[in-house]
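Participant: Counting from 1, one number per residue, gives the positions in the sequence shown under the numbering used here.
For the record, the hints were derived by calculation from the structure and aren't laboratory data.
Ideal Cβ placement from N, Cα and C applies to all residues, glycine included.
Careful, some of the hints might be misleading.
Stated by the list, open to error - Straight-line C-alpha distance at most 20 Å; calculated DMTMM-like pairs for lysine to aspartate or glutamate:
#1 Lys-40 x Glu-81
#2 Lys-38 x Glu-48
#3 Lys-35 x Asp-46
#4 Lys-38 x Glu-81
#5 Lys-62 x Glu-48
As the list claims (entries may be wrong) - FRET-style restraints, in silico, Cβ to Cβ:
#6 Asn-101 x Lys-38: 45 to 51 Å
#7 Ser-31 x Lys-95: 20 to 26 Å
#8 Thr-78 x Glu-34: 20 to 26 Å
#9 Gln-99 x Asp-39: 27 to 33 Å
#10 Thr-36 x Glu-81: 16 to 22 Å
#11 Ser-31 x Ile-97: 18 to 24 Å
#12 Thr-74 x Lys-38: 21 to 27 Å
#13 Phe-33 x Gln-85: 17 to 23 Å
#14 Ile-71 x Asn-101: 36 to 42 Å
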Amino acid sequence: MAIEATSFIKPIERLDSLTQVNKTGNSTAESDFEKTLKDKIQEVRDLESASNQLSYDLAMGKTDDLTSVMIATTKAQTAIELTTQITTRAVNAYKEIMQMNI
Numbered sequence: 001m002a003i004e005a006t007s008f009i010k011p012i013e014r015l016d017s018l019t020q021v022n023k024t025g026n027s028t029a030e031s032d033f034e035k036t037l038k039d040k041i042q043e044v045r046d047l048e049s050a051s052n053q054l055s056y057d058l059a060m061g062k063t064d065d066l067t068s069v070m071i072a073t074t075k076a077q078t079a080i081e082l083t084t085q086i087t088t089r090a091v092n093a094y095k096e097i098m099q100m101n102i
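Start from the sequences, fold in the hints, and give me the full structure.
Facilitator: Below you can see the structure in the form of structure tokens.
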């Protein structure tokens, strides 16, 4: 299951108009947030890739260290589940904010 950074960044691009509300006129906070988000998604991809490689190596007989394979797989699975939960909660919060009457 591959995680695409663009699927998480697209909703953030819609918030560009909110940066204009920033009284300081400084949009580096959004840039930092976007950079951090992309970095964390890349870390999830790296965990998934390492897990896949270790699983492949185990299946091909290149390694017999089942413990490291299981640990890497569990780390990747946990990271993907956490990313999914955070995304779901962020989208729900965004929807709730958009439904508020001003």
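Participant: Indicate, hint by hint, whether the structure satisfies it.
Facilitator: Evaluation of the provided hints:
1. Simply put, Lys-40 and Glu-81 have alpha-carbon atoms about 13 Å apart, close enough for the 20 Å limit, and the pair holds.
2. For the given pair, Lys-38 sits about 15 Å from Glu-48 by alpha-carbon distance, which is consistent with the 20 Å threshold.
3. Restraint check for Lys-35 and Asp-46: the C-alpha separation of about 16 Å stays at or below 20 Å, so the hint holds.
4. With a CA separation close to 17 Å, the supplied pair Lys-38 and Glu-81 stays within the 20 Å bound.
5. The straight-line distance between the Cα atoms of Lys-62 and Glu-48 is roughly 19 Å, inside the 20 Å bound, and the hint therefore holds.
6. One distance hint, 45 to 51 Å for the beta-carbon pair Asn-101 and Lys-38, is violated here, with the actual separation near 34 Å.
7. A C-beta distance of roughly 24 Å is found between Ser-31 and Lys-95, which places it inside the suggested range of 20 to 26 Å.
8. A hinted range of 20 to 26 Å for the beta carbons of Thr-78 and Glu-34 is consistent with their spacing of about 24 Å.
9. Take Gln-99 and Asp-39: their Cβ atoms lie about 31 Å apart, and the range 27 to 33 Å holds.
10. At about 20 Å, the beta-carbon gap between Thr-36 and Glu-81 stays in the expected band of 16 to 22 Å.
11. At about 21 Å, the beta-carbon gap between Ser-31 and Ile-97 stays in the expected band of 18 to 24 Å.
12. Distance hint for Thr-74 and Lys-38: a CB-CB separation of about 24 Å, consistent with the stated range 21 to 27 Å.
13. For Phe-33 paired with Gln-85, a C-beta distance near 18 Å keeps the hint of 17 to 23 Å intact.
14. Roughly 49 Å separates the CB atoms of Ile-71 and Asn-101, a value that falls outside the hinted 36 to 42 Å.
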